[in-house]
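Given only the sequences and the hints, what does the whole structure look like? Please build it.
Read top to bottom, the protein sequences are chains A and B. Just so we're aligned, residue 1 is where the first sequence starts under the working numbering, counting upward by one. Just so we're aligned, residue 1 is where the second sequence starts under the working numbering, counting upward by one.
These aren't lab readings, by the way, just hints derived from the structure by calculation. Treat each hint with caution, since some may be false.
Which chain A residues stay away from chain B? Per the calculated CB distances, all over 12 Å, these [to be verified]: (1) L76; (2) I143; (3) T152.
Simulated pairs of lysine-lysine, DSS-like, Cα-Cα distance not exceeding 30 Å [claimed, not checked]: (4) B:K235 - A:K157; (5) A:K157 - A:K141; (6) B:K62 - B:K285; (7) B:K285 - A:K141; (8) B:K235 - A:K263.
Ideal Cβ placement from N, Cα and C applies to all residues, glycine included.
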Amino acid sequence: MLERLFAEHRLQLEVDVDMSLLDERPVDETPVPEPQDQEPIEEQVPFRPRALVRSERVEILLSAAAGVTGSGVMCLLFDWTHALTFAIWALLIFLVSVYLLARDSQSPIVATDRLITTLVWTSGGIAVAVLAWMLGYVVVKGIAGLNYEYLTSDMSKVGPLDDGGGVFHAIVGTLEQMLIASVLSIPIAILTAVYLHEIRGRLAGIVRFVIDAMSGLPSIVAGLFIYTVWVLQGQGPSGLAAGLALAILMIPTVTRTAEEMLKTIDDGLRESALALGAPQWRSVMQVVLPTARSGLITASILGVARAVGETAPVLLTAFGSSSINWSPFNGPQADLPLYIYQLLRQPNPAQIARAWSGALVLVLLVLILFVLARVIGERGARVRGGSR
Amino acid sequence: MALTSPELQALEEQVPRDIARTVTRGDRIFRTLCASAAAVSLFIIGGTALFLAIKALPALQKAGLLSFFTTSVWNPTVGDFGVLGLLIGTIIIATVSLIVAVPLAIGLALFINEYSPARIRRVLTSSVDLLAAMPSIIFGMWGFFALQAPLVGVASWLNLHLSAIPFFRLSEPDAPLLRSSFIVGTVVALMIVPIITSVSRDVMAQCPRSQCEAALALGGSRWGMIKEVLLPFGKAGITGAVLLGFGRALGETIAVALIIAFTIEANPYVLEQGGGSIASLIAIKFPEAQDLEISALIAAGLALFGMTLLVNLGARAIVRRTQIAA
Numbered sequence: 001m002l003e004r005l006f007a008e009h010r011l012q013l014e015v016d017v018d019m020s021l022l023d024e025r026p027v028d029e030t031p032v033p034e035p036q037d038q039e040p041i042e043e044q045v046p047f048r049p050r051a052l053v054r055s056e057r058v059e060i061l062l063s064a065a066a067g068v069t070g071s072g073v074m075c076l077l078f079d080w081t082h083a084l085t086f087a088i089w090a091l092l093i094f095l096v097s098v099y100l101l102a103r104d105s106q107s108p109i110v111a112t113d114r115l116i117t118t119l120v121w122t123s124g125g126i127a128v129a130v131l132a133w134m135l136g137y138v139v140v141k142g143i144a145g146l147n148y149e150y151l152t153s154d155m156s157k158v159g160p161l162d163d164g165g166g167v168f169h170a171i172v173g174t175l176e177q178m179l180i181a182s183v184l185s186i187p188i189a190i191l192t193a194v195y196l197h198e199i200r201g202r203l204a205g206i207v208r209f210v211i212d213a214m215s216g217l218p219s220i221v222a223g224l225f226i227y228t229v230w231v232l233q234g235q236g237p238s239g240l241a242a243g244l245a246l247a248i249l250m251i252p253t254v255t256r257t258a259e260e261m262l263k264t265i266d267d268g269l270r271e272s273a274l275a276l277g278a279p280q281w282r283s284v285m286q287v288v289l290p291t292a293r294s295g296l297i298t299a300s301i302l303g304v305a306r307a308v309g310e311t312a313p314v315l316l317t318a319f320g321s322s323s324i325n326w327s328p329f330n331g332p333q334a335d336l337p338l339y340i341y342q343l344l345r346q347p348n349p350a351q352i353a354r355a356w357s358g359a360l361v362l363v364l365l366v367l368i369l370f371v372l373a374r375v376i377g378e379r380g381a382r383v384r385g386g387s388r
Numbered sequence: 001m002a003l004t005s006p007e008l009q010a011l012e013e014q015v016p017r018d019i020a021r022t023v024t025r026g027d028r029i030f031r032t033l034c035a036s037a038a039a040v041s042l043f044i045i046g047g048t049a050l051f052l053a054i055k056a057l058p059a060l061q062k063a064g065l066l067s068f069f070t071t072s073v074w075n076p077t078v079g080d081f082g083v084l085g086l087l088i089g090t091i092i093i094a095t096v097s098l099i100v101a102v103p104l105a106i107g108l109a110l111f112i113n114e115y116s117p118a119r120i121r122r123v124l125t126s127s128v129d130l131l132a133a134m135p136s137i138i139f140g141m142w143g144f145f146a147l148q149a150p151l152v153g154v155a156s157w158l159n160l161h162l163s164a165i166p167f168f169r170l171s172e173p174d175a176p177l178l179r180s181s182f183i184v185g186t187v188v189a190l191m192i193v194p195i196i197t198s199v200s201r202d203v204m205a206q207c208p209r210s211q212c213e214a215a216l217a218l219g220g221s222r223w224g225m226i227k228e229v230l231l232p233f234g235k236a237g238i239t240g241a242v243l244l245g246f247g248r249a250l251g252e253t254i255a256v257a258l259i260i261a262f263t264i265e266a267n268p269y270v271l272e273q274g275g276g277s278i279a280s281l282i283a284i285k286f287p288e289a290q291d292l293e294i295s296a297l298i299a300a301g302l303a304l305f306g307m308t309l310l311v312n313l314g315a316r317a318i319v320r321r322t323q324i325a326a
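Next comes the structure, spelled out in structure tokens:
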């Protein structure tokens, strides 16, 4: 313990020293290279189509300015009011002027390259923007209705137009169904991954094929399957049925990720265990799986995060309910996505406001699972990296 | 960088040692346990096909197998069912979503693999993963309430200026544009972007770095390198990724059911209100369905199952082949 602290501390010191060196360097050295860069004759500078020099930065800034003003003028002229219209036209004008300026000052090849670069950056921007817009929208719409009463009451005594009511029954349903689905699917998925990667038995080819098929299975088909073999066979709708359907959706996700994790385990560990005389099952259970533990936890959490947002299979197997049902084994049960879906199908503002608050709860749940998977996964990678 | 060093490369190509093992009884039990866990998946897929087929039989017999796939009616009281229109609708929505998603996803994959500075790359991979983890109901709500207004603007613009293309025509000049296949397709597109991105990223990362560097060293621009080296190398794998996205789009349920103005007949006017898909049919009709209608819904689910199974397995086969070749 002490040693580790000491080591960390020393590392910190070294970094500090490095930083101070870095801080001093620019003061001494920056004035020197600049004249060298500008002085040499242009033939000696190699042609580097990817590098951006100052004049090109100016070109890009000019294009951006052209896009913003051009689009602004168009919006004023034609009375467009939506921000997205402005953004689309600004982007189009920006792209065209980036292309034309580069073509004018350099060559069509450079111009195409720069155009594509801009487009690729734009697609990155769009992905982040969509995510931010969606999260922001859910927060803005849902935060108003989110309070203690909402989280702790159900919808059994609330008429569609009344105030009050809440999400408690749906949260209970979600937790119970996720627990059932996890208990059923995670052991199966991890053992399947062990079969695929450690045992490599005769069925491995077929099983991999089937896992592929399952990972593309539409969630509603999984719901229909459980409906026909469970709900229709006299068992009736229940949280357990929903858990079964969700387990089907979790198995391929968890198996895939777990297999990837097993691939990262050093073969030397397996060999050492076998060399010590351990049979294969002990080498797997006591060496391989414990080493991969954090990776397997990450895989499981990712599976849960996928299943927790599924609406369609729960609609077909648990049917939903407006009052709390503690027992997952009999009677219809609600869960978060289904609660949102059923509220959204009633066209009145009070119900839709409740749906938004439910959506916020669901998004928070997914975010927590996601961050948890990230943190555990990264810690595991560090531990594994350090032990080599 | 590490790969270029010859010793390291030799090390990586080393075949793992083969160990002679004695199989104990514990091993045998353990192997049987794992094999039976693996067999569960086999039973699930087999069982799905079998039980859906059994339960679909009454409706298929009543409506006739041929007319189930060649007509567009939904009349539970008479027992007359046909899903041709919905099959077409499913494919329309999935195609629209591919048209929107593919450029975005490939741009994203290129950005993450080739263009982005390290710090932005981390933010971006997290965002794409988070986008993949977002529940489809959230996409549906957001699409319905936030995205419809701007997309209707885009749709009317497309119709106004590009109506020479049949794709962008309307049945009558002032037809309603809300809740159309176009809007649904765009929302579904955002949902399938993560899968296309991550699979094509994996494929592109397999491209030998030395070839890419050689292209740059010959004076190629970055786009030249991508066009001449990276994309030809990854062509098959990216096709597989796109097919995987197509399979996801076919099976998307809740976002479609929330947004679309559901119709049984196919609506060839993509920008116009109305449309449908098999999955949304099941979600919308199921809560009020009775005996024979449920059987018909199961038959529709079976058709969807078959369709996605074919697309997915084809896609996986393509992706896997490129990975083995690399």
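Status of the hints after comparison with the structure:
no., hint, result
1, L76, "holds, 17 Å"
2, I143, "holds, 15 Å"
3, T152, "holds, 23 Å"
4, B:K235 - A:K157, "violated, 58 Å"
5, A:K157 - A:K141, "holds, 24 Å"
6, B:K62 - B:K285, "holds, 19 Å"
7, B:K285 - A:K141, "holds, 29 Å"
8, B:K235 - A:K263, "holds, 26 Å"
Comparing the model with each earlier hint shows a violation of hint 4 alone; every other hint is respected.
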